[in-house]
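*Asks:* Chains Y and E, in that order, are what the protein sequence lines are.
FYI, the numbering used here numbers position 56 of the first sequence as 104, with every residue one higher than the one before it.
FYI, the numbering used here numbers position 103 of the second sequence as 193, with every residue one higher than the one before it.
Calculated directly from the structure, the hints in this document are not laboratory data.
One or more of the hints may lead you astray.
As the list claims (entries may be wrong) - In silico DSS-like links for lysine-lysine, alpha-carbon gap of 30 Å or less:
#	chain 1	residue 1	chain 2	residue 2
1	E	K193	E	K144
2	E	K144	E	K197
3	Y	K116	Y	K72
4	Y	K72	E	K197
5	Y	K126	Y	K72
6	Y	K116	E	K197
7	E	K185	E	K144
8	Y	K116	Y	K126
9	Y	K126	E	K185
Unchecked claim - A few chain Y residues facing chain E, derived, Cβ under 7 Å:
#	residue
10	G90
11	L91
12	Y96
13	A146
14	T150
15	E152
16	F155
17	E157
We treat Cβ as the ideally placed atom computed from N, Cα and C, and that holds for glycine.
Now for the letters of each chain:
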Amino acid sequence: DAGVIQSPRHEVTEMGQEVTLRCKPISGHDYLFWYRQTMMRGLELLIYFNNNVPIDDSGMPEDRFSAKMPNASFSTLKIQPSEPRDSAVYFCASRRLAGRETGELFFGEGSRLTVL
Amino acid sequence: GIQVEQSPPDLILQEGANSTLRCNFSDSVNNLQWFHQNPWGQLINLFYIPSGTKQNGRLSATTVATERYSLLYISSSQTTDSGVYFCAVEYNFNKFYFGSGTKLNVKP
């Protein structure tokens, strides 16, 4: 089975532009997570979904950030307008807790965002 | 919240050497995972180990949940083991807290 798939792998944009990051979770996983990794703060949870419904967005830094999950196989994280301090690696992760699954967390390869 | 501390923060090894990485956590947790972030930034699952001992090739891990620590053992290290090793604990449901990592450099 394919792992968590993220796109784009790299994004360079200018301050003020809209950025959209995409994620396809592992098929059958019922939880999807967006994390951000920076040198200063390490890995931080931004938001997570259960069966496409946002459950906890307390980690979303501000209103410029939004996330959606229109179906079980696709999620987006949008930043509008982007600022230089948003530069980071954004990871998507998924897990399955239904049935007897262990609930192991699997990460995508990340999207490295640079805002100039 | 919970504190997750990893040690040592940095480690330099000669190829072939063994090492032990430690993860201490300040409260009871539901789950614990070890990850390896390779030099390309990929987060690779090593172990899902809320308790007990597991082995996978040259790597093994032990979690003593009652004493709030986990250990990752790397034997006969190779240059491809270089990168950052993270411990992550699930303290609240679906909230994984990551340590700051151990940066490993294996020299040929």
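*Asks:* Output the indices of the hints that this structure fails to meet, ascending.
*Replies:* 4, 6 and 13
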